[in-house]
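Since the structure of chain A is provided, determine the placement of chain B on it from the hints.
First to last, the sequence lines map onto chains A and B. Take the first sequence: its position 288, counting from 1, is numbered 288 in this note's numbering, and each next residue is one higher. Take the second sequence: its position 68, counting from 1, is numbered 68 in this note's numbering, and each next residue is one higher.
Don't read these hints as lab results, they were simulated from the structure. Take every hint as true, because none was put in to throw you off.
Straight-line distance between alpha carbons at most 35 Å, and here's what the computed DSBU-like set of lysine-lysine pairs gives:
# : chain 1 : residue 1 : chain 2 : residue 2
1 : A       : K130      : B       : K98
2 : B       : K92       : A       : K131
3 : A       : K317      : B       : K157
4 : B       : K92       : A       : K130
5 : B       : K319      : A       : K131
6 : A       : K241      : B       : K241
Bear in mind that the values here come from a model prediction, so they are computed numbers and not experimental data.
2 protein chains.
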Amino acid sequence: MAGKYICMDIGGTKILGTIVDENNNIIFRAKKKTKANKGLEVVEQRMAKVVEELLEQSQIPKEEIVAIGAGAPGVINEDTGEIIYSPNLPWKNYNIKKAIEDKLGIPFFVGNDANIGMMGEWKYGAAVNKKNVVGIFVGTGIGGGLIVNDSLFSGSKYLAGELGHMVLNPEGPYCNCGQRGCLETYAAKVSMTREIKNQINRGRDSILKDLMDMESSVIRSKPLKTAIDQKDALAVEVLDKAIYYLAAGTGSLINIFNPDMVVLGGGVIESLGDYIMPILNRYIRRFAFPDIIEGTEIVESALGDDSIIYGALALAKEKQG
Amino acid sequence: MAGKYICMDIGGTKILGTIVDENNNIIFRAKKKTKANKGLEVVEQRMAKVVEELLEQSQIPKEEIVAIGAGAPGVINEDTGEIIYSPNLPWKNYNIKKAIEDKLGIPFFVGNDANIGMMGEWKYGAAVNKKNVVGIFVGTGIGGGLIVNDSLFSGSKYLAGELGHMVLNPEGPYCNCGQRGCLETYAAKVSMTREIKNQINRGRDSILKDLMDMESSVIRSKPLKTAIDQKDALAVEVLDKAIYYLAAGTGSLINIFNPDMVVLGGGVIESLGDYIMPILNRYIRRFAFPDIIEGTEIVESALGDDSIIYGALALAKEKQG
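One chain only, chain A, in its complex shape (with noise of 0.2 Å):
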């Protein structure tokens, strides 16, 4: 339905809400704490909060608001609103989608952040029209989305799409899933933080040992672009493991699905495409056949940050129209 919409991304640490208009532009941006060790109430009241500041900011009606979007972490079921399992926020087996709705008097709709980041790139980013895609989302953790015969897939009961934990080597190191040698435990940023600092913890020099937070477990983006950048040996390193197991991901994907794109996006991408991209595609070839990947496109994501913004809008729009 043409109108104006809320679309939020409901993450472990901060609510980041937005207005979105009729001709798919975010027009006003709001950004809260989550406070998810605060508990569940305390989370609808920050999602509350979000939506009378992006009110206010706007001045817009909350009779002209159509309907709010959201993406968030865990097993949800986007027919029923319901919230079937979270890792990060205090919800289980609850249906966030009627307290909401009874709060704000404003249809609600939820998704997994993944699938749904995926369905913004599907319908708004960079693979508008594709029939079959990949979205593989590498940040922190690495989640994933497929779009399968023109729709989202999220399997017999809403857990599809667990990209970052395809098991790429199964006597591999143990992830935080309890399974073993997942690819996340190789290509994401928790897996790259782990080695740097061992790395420099036995002596290795590099310059992120001045850049970076050692007393933290995940590293920002910046200042391993900015290693890359002056071609610090031990980030190239890093690096360049990570990708290749990304690309052995990637390729597997590539032939079990045969789609005609992959998406790649996340923090990682956003900040190191470029640099990413070019020795992905080499090694890539290592891992999928080469009639699959001929008719594949692999590109980056076209919304970076906001495709999960993108997707709560396909969403609500979806549902509510």
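Okay, now just chain B, sitting in the frame of chain A:
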């Protein structure tokens, strides 16, 4: 359409033909060597000979055959009947549908053998009425098929489902396909045979030394089963490693697809399923999320060697219907 069908399983070494009656029973069978090395025309003649033999044997007039369905190795456009490429048969960008229809005057439909095997299990076997299914067929190599949202998924260019060529270790052994560490290099008969022969050649004791053909690059399933039944240490060890990697691949696919069901079939499962399945079910818990596994049935093929025959029936009925 109701009526009798001829259903064929076209392999690199032999062609199996059957007549399937109105009640979906296989009432006649005929088998001939493919003679793939003699070229395209000879293979077509062999296919025609199988059909003739079936008609002669059964005394069923050609006019009573509604259509012929077939599964064959390779990249096949199920809609047009074009074989785009086949690793084991002398066809490339060749419309086999047209050729056979011209020769025999019976409608002919063909698809990729692993996909067609999956379709057989889905329409007549273990996965009837399941919405999302992953099929993994373990034999000389490993093939796969996917049912997604209630239909066979063959990807953007009929290349999807190459599940044997998921990468399970980007630094692992080279596969025949040129990639490294494919599932097939760990869990198929070719890799098991290589490991068994290497160990025996190094002086390892095993009853397989007498049971198997040490000149062959592919062990038959029967001696492997005999060795396992007799608790031969080498056979147990080699199969255990294969099952571990098969579990890792299956677990990854469960995390990617969140299917209702995984069907395992092919010669190895056919012979050794009773031994393999309980071990696989234990190992798989290391490689997929508990929540996803909980809702996923992991079962053996119900049709065994006839899954391709029944899939060919399903294809012919669908296309001629």
